[in-house]
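Peer 1: Sequence:
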Amino acid sequence: LKVVVNAGVGSGIKKDPKRLELVKDRLTKILGQKPATRASKKSIAGFKLRLGEPIGVVVTLRGKRMYAFLDKLFNVAFPRTKDFRGIKRSIVDNIGNLTLGIKEHTIFPETHDEELRDVFGFAITIVTTAKSKEEALAFFENIGVPFAS
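Here the sequence shown stands for residues 43 to 191, where the numbers follow the numbering used here.
Calculated from the structure, these hints are not laboratory results.
Accuracy of the hints is not assured; some may be wrong.
Computed cross-link-like contacts, SDA-like style, restricted to lysine to any residue with a CA-CA straight-line distance of at most 25 Å [unchecked claim]:
1) Lys57 x Gly128
2) Lys145 x Phe189
3) Lys130 x Asp160
4) Lys57 x Gly94
5) Lys114 x Glu95
6) Lys66 x Gly98
7) Lys44 x Phe182
8) Lys106 x Lys60
9) Lys90 x Lys44
10) Lys60 x Gly98
11) Lys83 x Gly50
12) Lys57 x Arg80
13) Lys76 x Leu142
14) Lys84 x Lys71
15) Lys175 x Lys66
16) Lys145 x Leu64
17) Lys124 x Glu146
18) Lys145 x Phe89
19) Lys145 x Ala165
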(Lines of atoms letter the chains of each structure in order from A; the text may use other names.)
(Lines give C-alpha, C1' and ligand atoms only; values in the text may rest on other atoms or scores of the structure.)
Protein backbone atom coordinates (compact mmCIF):
# COMPACT_ATOMS: atom_id res chain seq x y z
CA LEU A 43 0.00 0.00 0.00
CA LYS A 44 1.30 3.42 -0.95
CA VAL A 45 0.13 6.89 -1.90
CA VAL A 46 1.74 8.64 -4.87
CA VAL A 47 1.26 12.41 -5.17
CA ASN A 48 2.15 13.93 -8.52
CA ALA A 49 2.13 17.63 -9.44
CA GLY A 50 2.89 18.89 -12.91
CA VAL A 51 4.65 22.25 -12.97
CA GLY A 52 4.24 22.61 -16.71
CA SER A 53 6.49 24.01 -19.39
CA GLY A 54 5.89 27.58 -18.16
CA ILE A 55 8.77 27.06 -15.75
CA LYS A 56 11.08 29.03 -18.08
CA LYS A 57 9.03 32.19 -17.50
CA ASP A 58 8.82 31.63 -13.74
CA PRO A 59 11.81 29.60 -12.48
CA LYS A 60 10.68 30.00 -8.85
CA ARG A 61 7.47 28.07 -9.51
CA LEU A 62 9.12 24.65 -9.16
CA GLU A 63 10.57 25.60 -5.76
CA LEU A 64 7.22 27.05 -4.69
CA VAL A 65 5.36 23.84 -5.58
CA LYS A 66 8.03 21.73 -3.85
CA ASP A 67 7.89 23.88 -0.71
CA ARG A 68 4.10 23.77 -0.44
CA LEU A 69 3.89 20.03 -1.11
CA THR A 70 6.55 19.49 1.58
CA LYS A 71 4.34 21.44 4.04
CA ILE A 72 1.25 19.43 3.11
CA LEU A 73 2.83 15.96 2.89
CA GLY A 74 5.66 16.13 5.41
CA GLN A 75 8.09 14.75 2.84
CA LYS A 76 10.22 16.49 0.22
CA PRO A 77 9.13 15.84 -3.40
CA ALA A 78 11.50 14.55 -6.08
CA THR A 79 11.77 16.51 -9.33
CA ARG A 80 10.70 14.74 -12.52
CA ALA A 81 12.33 15.63 -15.83
CA SER A 82 10.84 15.33 -19.31
CA LYS A 83 11.58 12.05 -21.09
CA LYS A 84 11.68 13.60 -24.55
CA SER A 85 11.60 16.93 -26.34
CA ILE A 86 8.24 18.21 -27.61
CA ALA A 87 8.53 21.24 -29.90
CA GLY A 88 4.85 22.16 -29.61
CA PHE A 89 5.25 22.66 -25.86
CA LYS A 90 8.73 24.25 -26.21
CA LEU A 91 9.98 21.42 -24.03
CA ARG A 92 13.51 20.00 -24.10
CA LEU A 93 14.71 16.59 -22.99
CA GLY A 94 15.65 16.57 -19.30
CA GLU A 95 13.87 19.80 -18.32
CA PRO A 96 12.06 19.67 -14.95
CA ILE A 97 8.30 19.44 -15.56
CA GLY A 98 6.87 18.10 -12.31
CA VAL A 99 7.36 16.67 -8.84
CA VAL A 100 6.39 13.36 -7.27
CA VAL A 101 6.19 12.05 -3.70
CA THR A 102 5.61 8.46 -2.61
CA LEU A 103 4.18 8.13 0.90
CA ARG A 104 4.23 4.90 2.90
CA GLY A 105 3.65 3.92 6.52
CA LYS A 106 2.78 6.53 9.17
CA ARG A 107 3.13 9.52 6.84
CA MET A 108 0.75 7.91 4.37
CA TYR A 109 -1.94 7.24 7.00
CA ALA A 110 -1.52 10.74 8.48
CA PHE A 111 -1.95 12.28 5.01
CA LEU A 112 -5.02 10.15 4.17
CA ASP A 113 -6.60 11.07 7.52
CA LYS A 114 -5.98 14.77 6.81
CA LEU A 115 -7.30 14.40 3.24
CA PHE A 116 -10.56 12.67 4.21
CA ASN A 117 -11.31 14.48 7.49
CA VAL A 118 -9.96 18.00 6.96
CA ALA A 119 -9.35 18.80 3.28
CA PHE A 120 -12.47 17.27 1.71
CA PRO A 121 -14.89 18.90 4.19
CA ARG A 122 -13.26 22.27 3.32
CA THR A 123 -13.85 21.69 -0.41
CA LYS A 124 -16.71 23.68 -1.88
CA ASP A 125 -19.60 21.50 -3.16
CA PHE A 126 -17.93 18.22 -2.12
CA ARG A 127 -20.50 15.41 -2.16
CA GLY A 128 -18.23 12.39 -1.98
CA ILE A 129 -16.03 10.38 -4.32
CA LYS A 130 -17.63 8.31 -7.09
CA ARG A 131 -17.03 4.58 -6.76
CA SER A 132 -16.37 4.41 -10.51
CA ILE A 133 -12.96 6.10 -10.17
CA VAL A 134 -11.48 2.94 -8.63
CA ASP A 135 -9.82 1.10 -11.52
CA ASN A 136 -9.96 -2.65 -12.21
CA ILE A 137 -6.66 -3.38 -10.47
CA GLY A 138 -7.72 -1.64 -7.26
CA ASN A 139 -6.12 1.81 -7.47
CA LEU A 140 -7.90 5.08 -6.73
CA THR A 141 -6.75 8.30 -8.42
CA LEU A 142 -8.07 11.71 -7.38
CA GLY A 143 -7.40 15.11 -8.86
CA ILE A 144 -7.12 18.01 -6.43
CA LYS A 145 -7.79 21.30 -8.24
CA GLU A 146 -6.48 23.63 -5.53
CA HIS A 147 -3.79 22.90 -2.94
CA THR A 148 -5.38 25.55 -0.69
CA ILE A 149 -7.92 23.05 0.75
CA PHE A 150 -5.18 21.84 3.09
CA PRO A 151 -4.81 23.67 6.44
CA GLU A 152 -1.02 24.10 6.06
CA THR A 153 -1.57 26.54 3.21
CA HIS A 154 -4.13 28.88 4.81
CA ASP A 155 -1.63 31.74 5.34
CA GLU A 156 -0.52 32.02 1.70
CA GLU A 157 -1.45 34.51 -0.96
CA LEU A 158 -3.74 32.93 -3.53
CA ARG A 159 -1.98 33.91 -6.75
CA ASP A 160 0.03 30.68 -7.08
CA VAL A 161 -2.65 28.01 -6.74
CA PHE A 162 -1.77 24.63 -8.22
CA GLY A 163 -3.42 21.24 -8.44
CA PHE A 164 -2.06 17.74 -8.09
CA ALA A 165 -3.04 14.09 -8.49
CA ILE A 166 -3.23 11.59 -5.64
CA THR A 167 -3.08 7.87 -6.45
CA ILE A 168 -3.73 5.33 -3.71
CA VAL A 169 -2.06 2.11 -4.88
CA THR A 170 -3.33 -1.07 -3.23
CA THR A 171 -2.47 -4.75 -3.40
CA ALA A 172 -6.13 -5.61 -4.07
CA LYS A 173 -6.73 -8.17 -6.81
CA SER A 174 -10.12 -6.79 -7.91
CA LYS A 175 -12.22 -3.65 -7.92
CA GLU A 176 -14.63 -5.12 -5.33
CA GLU A 177 -11.78 -5.98 -2.96
CA ALA A 178 -10.37 -2.47 -3.35
CA LEU A 179 -13.77 -0.82 -2.72
CA ALA A 180 -14.17 -2.82 0.50
CA PHE A 181 -10.69 -1.72 1.59
CA PHE A 182 -11.32 1.95 0.77
CA GLU A 183 -14.61 1.93 2.70
CA ASN A 184 -12.76 0.37 5.64
CA ILE A 185 -10.12 3.14 5.76
CA GLY A 186 -12.79 5.84 5.56
CA VAL A 187 -12.82 7.08 1.96
CA PRO A 188 -15.89 9.37 1.71
CA PHE A 189 -17.73 7.74 -1.20
CA ALA A 190 -20.84 9.40 -2.64
CA SER A 191 -23.98 7.52 -1.69
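Peer 1: Now, for every hint given, state plainly whether the structure supports it.
Peer 2: Here is how each hint holds up against the structure:
no.	hint	verdict
1	Lys57 x Gly128	violated, 37 Å
2	Lys145 x Phe189	holds, 18 Å
3	Lys130 x Asp160	violated, 28 Å
4	Lys57 x Gly94	holds, 17 Å
5	Lys114 x Glu95	violated, 32 Å
6	Lys66 x Gly98	holds, 9 Å
7	Lys44 x Phe182	holds, 13 Å
8	Lys106 x Lys60	violated, 31 Å
9	Lys90 x Lys44	violated, 34 Å
10	Lys60 x Gly98	holds, 13 Å
11	Lys83 x Gly50	holds, 14 Å
12	Lys57 x Arg80	holds, 18 Å
13	Lys76 x Leu142	holds, 20 Å
14	Lys84 x Lys71	violated, 31 Å
15	Lys175 x Lys66	violated, 33 Å
16	Lys145 x Leu64	holds, 16 Å
17	Lys124 x Glu146	holds, 11 Å
18	Lys145 x Phe89	holds, 22 Å
19	Lys145 x Ala165	holds, 9 Å
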